[in-house]
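The chain contents come next:
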Amino acid sequence: MDVAISTLLSPIILFFALGMAAALLRSQMSVPEAVAKGMAIYLMMAIGLKGGVEMSKNPLTTEVILVLVAGIVLSFLIPAIAFMLLRLTTRLNRIDAAATAAHYGSISIVTFVAATEAVRLSGLDSGGHLVAVAALMETPAIITALVLAARGQARRETPIAGSEQGELVREVFLNASIVVLVGALIIGWVAGEEGTATVEPFFVDLFQGVLCLFLLDMGLSAGRGLRQGWRQLSVMTVGFGLYMPLISAAIAAAIAALIGMPAGDAALLITLTASASYIAVPAAMRLALPEAKPSIYLTLSLGVTFPFNVTIGIPIYIYLALLITGQA
Amino acid sequence: MTKHLRIELIIERMAHKRACRVLEAAGMTGYTVLPAMAGYGNSKRWSRDTDLSASGDMVVIISVGDEEKVRATMTEISNLLGAHIGIVTVTEVEVLRPGRF
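Just so you know, the sequences run in chain order A and B. Residues are numbered in my numbering as their position in the first sequence, beginning at 1, plus a constant of 214. Residues are numbered in my numbering as their position in the second sequence, beginning at 1, plus a constant of 80.
Certain hints may be false.
Stated by the list, open to error - Think about it this way: if two alpha-carbon atoms lie no more than 25 Å apart in a straight line, the pair counts; the simulated SDA-like pairs of lysine to any residue are:
{"#": "1", "chain 1": "B", "residue 1": "Lys124", "chain 2": "A", "residue 2": "Pro373"}
{"#": "2", "chain 1": "B", "residue 1": "Lys149", "chain 2": "A", "residue 2": "Ser377"}
{"#": "3", "chain 1": "B", "residue 1": "Lys124", "chain 2": "A", "residue 2": "Leu239"}
{"#": "4", "chain 1": "A", "residue 1": "Lys251", "chain 2": "B", "residue 2": "Leu114"}
{"#": "5", "chain 1": "A", "residue 1": "Lys251", "chain 2": "B", "residue 2": "Arg125"}
{"#": "6", "chain 1": "B", "residue 1": "Lys97", "chain 2": "A", "residue 2": "Pro373"}
Because the hints were derived from the structure by calculation, they are not lab data.
Whole structure, please, built from the sequences with the hints as guidance.
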């Protein structure tokens, strides 16, 4: 309960709520687009560097490797479950269901950052390798979704005009999040604590303030997305956006218990699995499955699941982690 | 002044490189890509500030060419718009230096 209250009353979440309320009330407030993109890169660099430095302090153990593998397996598996549930409970067609499922198998780095702060506030420790897990979980879901979309569908007779070989691979494996996150992780790993000490004032001391500003913008985005796209969502689809993170969290918790992960790490793996992408996957889906409706998958992941996760979800995931480690 | 055709293609940002390749393959000598701020279509409002992925952003591509080249792009652009969100219009324009197109 204390975890839930401290998370909900943290400035990060309160700024998110402010942004969302402002957007829903049709306020004209906005964060300049370039500033928002710059902040996203800053946050990914900061979290990547921090993870890399943490990894440089500890050797690569079997447990770390198991967690990395678990992340990949979860990212491949969750879209299949999400797809099945969407097809059973909603009227989404195969393409829309597959595109939506991809978002739920991939991750939200902002949810991860918010969870990292919540875990820290709860007095739990987490390993830097979870940042690597986050990067690894970005793309397998896209592959599962493409396979699900292709099954039972006639192959496109002619390729889309102007499409080029390798463009999807570039988008999926070399998108900004992966390049910055993995790049910063490697830099942090190579440079270590001593090497990154000079950039610490920028990446550590300013982190909380930038995160507040970024969450304010995310609140605005989520609110506007919801306001503009809610008509496209049925009650069952909105329901999916709320229960799917909990199903994913339960599966991740079982795997975390199986591996024997410490509570802080488990909370982050559960959060990653429960989060839904709204940066990398939507862009990949516009290239790979352009027939899928972005008003469904983007509104659902950004307007429904993201607010749910950062407000109610994260305290539940931390509690789940404490429960499986016998600390609840 | 010589008469030419002007293509104005409003298309989702993620597909704009595909559209540009179509124009280049058809031998169009130039085009300009402009960002679109906001709009309304398919019963839905959209705006640039809705999502961080910018996957929902739209761009406007303007290109001018002689009739033969512009007509040559239409089949491919029609194929492109069969998959991606967008519209295309072609209008007659007068150009000062026809040798540039």
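Checked hints:
1. Lys124/B <-> Pro373/A: 28 Å, violated
2. Lys149/B <-> Ser377/A: Holds: Lys149/B and Ser377/A sit about 20 Å apart, inside 25 Å.
3. Lys124/B <-> Leu239/A: 18 Å, holds
4. Lys251/A <-> Leu114/B: It holds: about 19 Å lies between the C-alpha atoms, which stays within 25 Å.
5. Lys251/A <-> Arg125/B: 22 Å, holds
6. Lys97/B <-> Pro373/A: It holds: about 15 Å lies between the C-alpha atoms, which stays within 25 Å.
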